[in-house]
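**Student:** One letter stands for each residue in the lines below.
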Amino acid sequence: MVNLGFSIGDLHFKNPVLTASGTFGYGPEFDDFLDVSRLGGIVVKGTTLEPREGNLYPRMAETPSGMLNAVGLQNKGIDYFEKNIYPSISGYDTNIIVNINGSYVDDYVTLAERINTLDKIPAVELNISCPNVKMGGMAFGTNLDSAREVTRAVRAAYSKILIVKLSPNVTNIVDFAKVVEEEGADSISLINTILGMSIDVEKMRPALSTITGGLSGPAIKPVALRMVWQVAKAVKIPVIGMGGIMTTSDALEFLLAGASAVQIGTASFIDPQASIKILEGIEKYLIEKGFSEIKEIVGYINRTK
Amino acid sequence: MAKRIEDLKIIENKRLNNDFFVLELSANDKLPVFKPGQFVQVRVDGSPKTFLRRPISIHDVDYGRNTFKLLIQITGKGTKTLSKLSNGDFLNLIYPLGNSFGLPDKNEKILLVGGGCGVAPLLFLGKYLKSNGYVPDILFGFRNSERIIELEEYLEIGKVFLTTEDGSRGEKGYITSHSIFSNGTYDKIYCCGPDSMMRAIAGYCKKNNIACEVSLENLMACGIGACLCCIVDTVNGNLCTCIDGPVFNITELKW
Ligand SMILES: Cc1cc2nc3c(=O)[nH]c(=O)nc-3n(C[C@H](O)[C@H](O)[C@H](O)COP(=O)(O)OP(=O)(O)OC[C@H]3O[C@@H](n4cnc5c(N)ncnc54)[C@H](O)[C@@H]3O)c2cc1C
Ligand SMILES: Cc1cc2nc3c(=O)[nH]c(=O)nc-3n(C[C@H](O)[C@H](O)[C@H](O)COP(=O)(O)O)c2cc1C
Ligand code: FES
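Note that the protein sequences, when read in sequence, are chains A and B. The first sequence begins at 1 in this note's numbering and counts up by one. The second sequence begins at 1 in this note's numbering and counts up by one.
It is worth saying that the hints were derived from the structure and are not from the lab. It is possible that some hints are incorrect.
As the list claims (entries may be wrong) - Derived DEER-like restraints, expressed as beta-carbon distance ranges:
1) B:S86 to A:G9: 47 to 57 Å
2) A:P28 to B:R15: 39 to 49 Å
3) B:S168 to A:T247: 29 to 39 Å
As the list claims (entries may be wrong) - Away from chain B, derived, C-beta distances all over 10 Å, residues of chain A:
4) G9
5) T23
6) D35
7) K45
8) G66
9) V71
10) I85
11) Y86
12) S88
13) G91
14) Y92
15) I96
16) P218
17) K236
18) D271
Positions of the beta carbon are idealized from the N, C-alpha and C atoms, including for glycine.
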């Protein structure tokens, strides 16, 4: 038996495979395809204080080995989440993490306070990296002072595990990682989508209603891996890596680069069972390589000469 | 109804003309009961240019042989790749997905309207209506006579009317200008086709107080309600075409 478990602070995860926000609904969407409770955790859809309709259709465009999305945080708001969704998913035997979003620092703080009261939510993921909203979102994650301010404010208001999700749309991601670590984040997840664009040449207009959107999928994996590697070397807190992971081998690359865990995003659209297959693949790899704990391979390439 | 992901065997890939082909797929396990209007998400080949699955309607079902058919129009790279599959190849599908067309009220006079690949779900719907005692009229629009699909099976369901844009068969012009709309009086119209066509039919139905259901063809990523990419603006806010649709009553839509 191999030990796949890892911890962020005092929060234990049974394995390092989580699902990424906005790509796995709230979990029940996937019940027909897999046992959600087998996952290390699920990060549910980006949640805001008030209900949001998101951006206009079309909000998706397929691109080579990936897709652009401009969903824009469509969700029914925290009240609806608490009353209607939370009761229906709190039975999952896994760590349920809420991805929180706001236009102002106060929005993030209020949301974190609300979620602090929900027993079955042991952690929040602070999304300061959504490229698809006019206010807030990526604006917090692409300015060091704003990133510091929002992390500090949420840290003061929230006592459980705080994960901050970074944007790749910056010149030096390590600076952001260090700032949120300094402000008391328990973990860093990265990367969110990369700002991109696509044009329909037949119709001679942008493919997305918002013109630009967030690129995800295998197309971004090398960039994501590089950033995860840089950040993992620069901080002491656990790093959760994501961006274009489709296969076991993709996930292993992130772990070997220094991520303590991975999130599976767009892959779940292509294969709703991708997360579980990757989990099984990681276990098999560890056994074949003769390791007994996942920890032994985390950051392996940074330790060996 | 539980959704599944499965490799299905192609028992026949039949080319109808330059535009259309039909794949007949055979399942290992017993097929679930499909509802007309439901669709499948097809994994093309996982190549960089056809990264996402392609939504395709269920065209016809044969529970006896445990097979079903997809009628596919070649519109781009994914459908082109699918058209080249051979008998015996396997295709990975997530199915069955989406809601379904509703049954009309008793004795209602029904019209099915399809354009382009929108004819696909109407065979299954037509057979379903027939087995429930209805005799719908059917109206199809194609670009020209060379693109018309085989109509025998539709003729067994009801009367079939045609339009072609060049007048090479049936009435000339767009589907919405067919004389059936000035002569016929229908209680309910089911429609599937290009957006502009469905909007025109919906407009006609609203003006003439005819009940109407349309099957939307919004772009999709997941097909299972997880990504929120396929939304349609309705009187009840944004709904997902993949789980709340693809079939919508036009009274729900803000058309
Ligand atoms: C619920 C549903 C059911 C469908 N049923 C059928 C069916 O039974 N038979 C069938 O032939 N097609 C059907 N379609 C449309 C089909 O999914 C698209 O034609 C297909 O995805 C195009 O893939 P492609 O790779 O060939 O085209 P691409 O190379 O991706 O695109 C080529 C062209 O097709 C257009 N296109 C791409 N996706 C769609 C789409 N979803 N709807 C309309 N146009 C699109 C693009 O804008 C572009 O102009 C359905 C769509 C939906 C949402
Ligand atoms: C359709 C879609 C919706 C997303 N919604 C969110 C969101 O609400 N909050 C968030 O932090 N990230 C969101 N993301 C970003 C993913 O969580 C992930 O960071 C990104 O897609 C990169 O990983 P991937 O390439 O494995 O998908 C979304 C991504 C997609 C494709
Ligand atoms: S296609 Fe993903 S929600 Fe409909």
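**Student:** Decide, hint by hint, whether the structure agrees.
**Tutor:** Evaluated hints:
1. B:S86 to A:G9: 47 to 57 Å: At 55 Å between Cβs, range holds.
2. A:P28 to B:R15: 39 to 49 Å: Cβ of P28 of chain A to Cβ of R15 of chain B: about 41 Å, so the range 39 to 49 Å holds.
3. B:S168 to A:T247: 29 to 39 Å: 50 Å, violated
4. G9: 29 Å, holds
5. T23: 6 Å, violated
6. D35: At roughly 14 Å from the nearest Cβ of chain B, D35 of chain A sits farther out than 10 Å, so the non-interface label holds.
7. K45: 8 Å, violated
8. G66: 6 Å, violated
9. V71: 5 Å, violated
10. I85: Per Cβ check, I85 of chain A is outside 10 Å of chain B; nearest 13 Å; holds.
11. Y86: 18 Å, holds
12. S88: Non-interface label on S88 of chain A holds, nearest chain B Cβ at 14 Å vs cutoff 10 Å.
13. G91: 19 Å, holds
14. Y92: 15 Å, holds
15. I96: Since the minimum Cβ distance to chain B is about 16 Å, I96 of chain A lies beyond 10 Å and the statement holds.
16. P218: P218 of chain A is in fact no farther than 10 Å from some Cβ atom of chain B, at 8 Å.
17. K236: Correct as stated: the minimum Cβ-Cβ distance to chain B is 34 Å, above 10 Å.
18. D271: 7 Å, violated
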